[in-house]
Amino acid sequence: MTTAPKTQVRSLDDPLLMVDTPATIYDAVPPYPPQTEREAEFYALRGGEMLINLGPQHPSTHGVLRVVLKIDGERVVDLDPVLGYLHRGVEKICENSDWHMVVSHCDPLEYIASMFSELVPVMAAEKLLDVKVPRRADYIRVLACELNRISSHALFIGWLALDLGGLTPILYGFIERDEIVEMLAALTGQKLLFNYMRIGGVNGDLNHEFLSRLGDWMSHAAARIEDSQTLINENEIFVKRTRGLGVIDRETALRMCLSGPPLRATGIPYDVRRAHPYSVYPELEFEIPTREEGDSYARYLLHLDEIKQSIHIIDQVLHKMPDGPIAAKLPRLLRPRPGRAFAAIESPRGQYAVYAMSDGSDQPFRLRIHDPSYFNLQTVGLLTPGHLVADTMAIMASLDPIMGGVDK
Amino acid sequence: MAQRHDTTEIRITAGAVTDVMRTLHDDPDFRFRLLADICGVDTGTTMQVVYHVWSDATPDWLRVIVVDLPRNDPRLPSITFLWKGAEWGEREAYDMFGIIFEGNRDLRRIYMPPDYVSFPLRKDFLLPDDASRSPGMGIRHMEQAASPVGAPVRKARTD
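Protein chains in written order, with this note's numbering: chain A, 8 to 415; chain B, 17 to 175.
For the record, the hints were derived by calculation from the structure and aren't laboratory data. Bear in mind that the values here come from a model prediction, so they are computed numbers and not experimental data. Mixed in with the good hints, there may be bad ones.
Said to hold, decoys possible - A partial selection of chain A residues facing chain B, derived with a Cβ cut-off under 8 Å:
1) E44
2) E46
3) S226
4) H227
5) R231
6) R262
7) Q358
8) A360
9) M364
Said to hold, decoys possible - Lysine to aspartate or glutamate pairs mimicking EDC-like chemistry, simulated, CA-CA at most 20 Å apart:
10) A:K247 / A:D21
11) A:K336 / A:D137
12) B:K100 / A:D256
13) A:K315 / A:D256
14) B:K100 / B:D140
15) B:K100 / A:E294
16) B:K100 / A:E81
17) A:K315 / A:E241
18) B:K100 / A:E44
19) A:K247 / A:E258
20) A:K198 / A:D212
21) A:K99 / B:D140
22) A:K315 / A:E294
23) B:K100 / B:D42
24) B:K100 / A:E292
25) A:K315 / A:D185
26) A:K315 / A:E292
27) B:K100 / A:E258
28) B:K100 / A:D87
29) A:K315 / A:D330
Every residue gets a Cβ at the ideal spot worked out from N, C-alpha and C, and that includes glycine.
Take these sequences, add in the hints, and give me the full structure.
Below, the structure written as C-alpha cells:
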C-alpha cells in the first residue's frame, strides 16, 4: 500500500531528463491492492473493457473531481468518483475557531452560491444561542439568498448547455450572473465570497447603489429569463441529448438521499423552505415547482421554474421589507449553551444542513456540514452506466455539483 | 422565526440500529423516507453516529443518536440496505473518525489519500495550531493520531 509504483515523466526543467513521479495521478489503476469488495469488483476488467481517467483537471467536472470510467467501446460500464482534491478540512478548522470565524470558513464551500453556505452555520449558532433575529435582517437574508439562487441557476443552465457543446447559453447565463454579482458586491463589498451573514443578523443595511441596481434588474429580469429560454428549450440537439437521460424514479431518489432539483424533478415536493420553514418564508407566497420525468431535461426545466419563483419572492420581499435594526445585540465572544442544533436551508443544490454541537465554550465542539452536492454527486455512479462517455458530462452537469462543497 | 424542528431525539445502542432504522423507514405510521444527514461525532470519551431523518407525517426531523461506541473500536451496522445514498456518508464518517460500518460494501477513504493512517476529526488529532492551547505539549506531528499519555483531549460537557 505504501510502495507506490513509480512512473516516468519528462522533467519540466530539462526536457531531455525523465524523472520519477508517483503513479497515482496519471494512472487510472490505483497502486495498491483493492481494499473493499466494491473496489475489487470495479478494478477487475473483463474482456474489451478499459479504464480511463476523467479529470481531476477536466473543465466539465466543475472543479477538481476525478472520475475513473470503466468503458466498453463508447459505453460506460461503471465509474468510480475519486474525491478529496479540494479537501481542506473545514469541519476541523471550525472546531478550532470561534463562532464568528466559522462564518467566513464556511463561506467558500458552495462558492457559486456562498450566501447559503454562510447562512446555515449562522442559523445553527442562533438556535444554540436562542437569538431572535430582527425582522428586517430576516428579509434582507431572504433577498440576498434568492438573488444568489438566481445567479447560481443561471450559471447552471449555461454550464449544462456548455457541457453538451453549446457555447452561447453560458454567455447569457453570465449576463444574469454579472448583474446580480455587481448588485451583491454593492451590498456586501465582495463579488464571490460575500461574508455577509452574521450571527444575529447581517453585516450591512441595504444601500442606494444596491437598490438602484436591483430596480434596474427587476424591470427586465422576467423578460430576459423568458428570452433566454427560447435559446435552448426547444433546441432539437439539446432536447435529444437531455430528454430521457439519467432518469431517476421517486423511490431511487429517496434511497439515494437526493435533495433539491434532482429530487423535485422526480415529483417529490420536498423543499426545506416549505417542509421546515425558516426565516420569513412562511409569510411569502411561492410554489414548489416539480416535474415527473426525473431526467436531465426535467432538471433543466425545473431550474427555470425556480428562477421564476425566486423573482416572485424578491418582488414580495421588496414590498414587505420592514424598518428596524439589522442585527441583534450580541457579545463579541459567543458562548452558546451546551447542546445540539440542526439547521437546514434550501440551497440552489438542495438541502444544506449544519449539525452543531456546543460544549459551552467559545468554539463549536463539532460542526458537521451536510452539503447537498456531495449526496447528489453520488448518484452519478447509478445513472451513468449504459450511457455514452459524452453523456456522462451531461448527467453530471444536470446534478450540478460544486466541488468546493463536495470536498469541504 | 427560527426553525425549532429538531428537538425530538432518540438514543440507541449499536445493536439496535438495524431494527430501529428499518422500523422508522418502513412502518406506515412513521414513513421516515428521507435521510437528511448522517455524521460521526467524537465526544472525547466515546464515539457517536447521528442520523437525521425526515417524514412527511410530521414537520420534525427525528434525530437518532447511536451512543457509546468505544473509541478504540467503533462498530455498528450499515444502513445502506435502506438508504443506498448513505454509502458516502458512512465512508466520510469512516475516513474522519475510523467508525466501521459493517455491511457497507465500499468502506474506504474518501477525502484523505488511501495510504493515510489516522483519523483527522478525532479529538486527539491535534493541528499544529492546537499546540498553542496546550502549554507544555509543544508542536507535534499532525498525523500522530494516538494522544500521548496525559495529553489534554477536549471532552464534551453535553452528555
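Here's how the hints hold up against the structure:
1. E44: The hint holds - A:E44 has a Cβ within 8 Å of chain B, the shortest such distance being about 5 Å.
2. E46: holds (6 Å)
3. S226: This interface hint is violated because 31 Å lies over the 8 Å limit.
4. H227: Interface hint status for A:H227: violated (33 Å vs cutoff 8 Å).
5. R231: A:R231 check fails; min Cβ-Cβ to chain B is 33 Å, beyond 8 Å.
6. R262: holds (5 Å)
7. Q358: Constraint on A:Q358 satisfied, holds at 6 Å.
8. A360: At 5 Å from the nearest chain B Cβ, A:A360 passes the 8 Å test, so the hint holds.
9. M364: Holds, because the Cβ-Cβ distance from A:M364 to chain B comes to roughly 7 Å (cut-off 8 Å).
10. A:K247 / A:D21: With Cα atoms ~49 Å apart, A:K247 and A:D21 exceed 20 Å; violated.
11. A:K336 / A:D137: Answer holds: A:K336 to A:D137 is near 12 Å, not above 20 Å.
12. B:K100 / A:D256: holds (14 Å)
13. A:K315 / A:D256: violated (25 Å)
14. B:K100 / B:D140: violated (31 Å)
15. B:K100 / A:E294: violated (30 Å)
16. B:K100 / A:E81: Judged against 20 Å, a Cα distance of about 27 Å means the pair is violated.
17. A:K315 / A:E241: holds (19 Å)
18. B:K100 / A:E44: At roughly 16 Å apart (the allowed maximum being 20 Å), A:E44 and B:K100 satisfy the hint.
19. A:K247 / A:E258: violated (25 Å)
20. A:K198 / A:D212: holds (17 Å)
21. A:K99 / B:D140: holds (12 Å)
22. A:K315 / A:E294: holds (10 Å)
23. B:K100 / B:D42: holds (15 Å)
24. B:K100 / A:E292: violated (35 Å)
25. A:K315 / A:D185: holds (18 Å)
26. A:K315 / A:E292: It holds: about 13 Å lies between the C-alpha atoms, which stays within 20 Å.
27. B:K100 / A:E258: holds (11 Å)
28. B:K100 / A:D87: At roughly 15 Å apart (the allowed maximum being 20 Å), A:D87 and B:K100 satisfy the hint.
29. A:K315 / A:D330: Roughly 27 Å separates the two Cα atoms, so the pair is violated.
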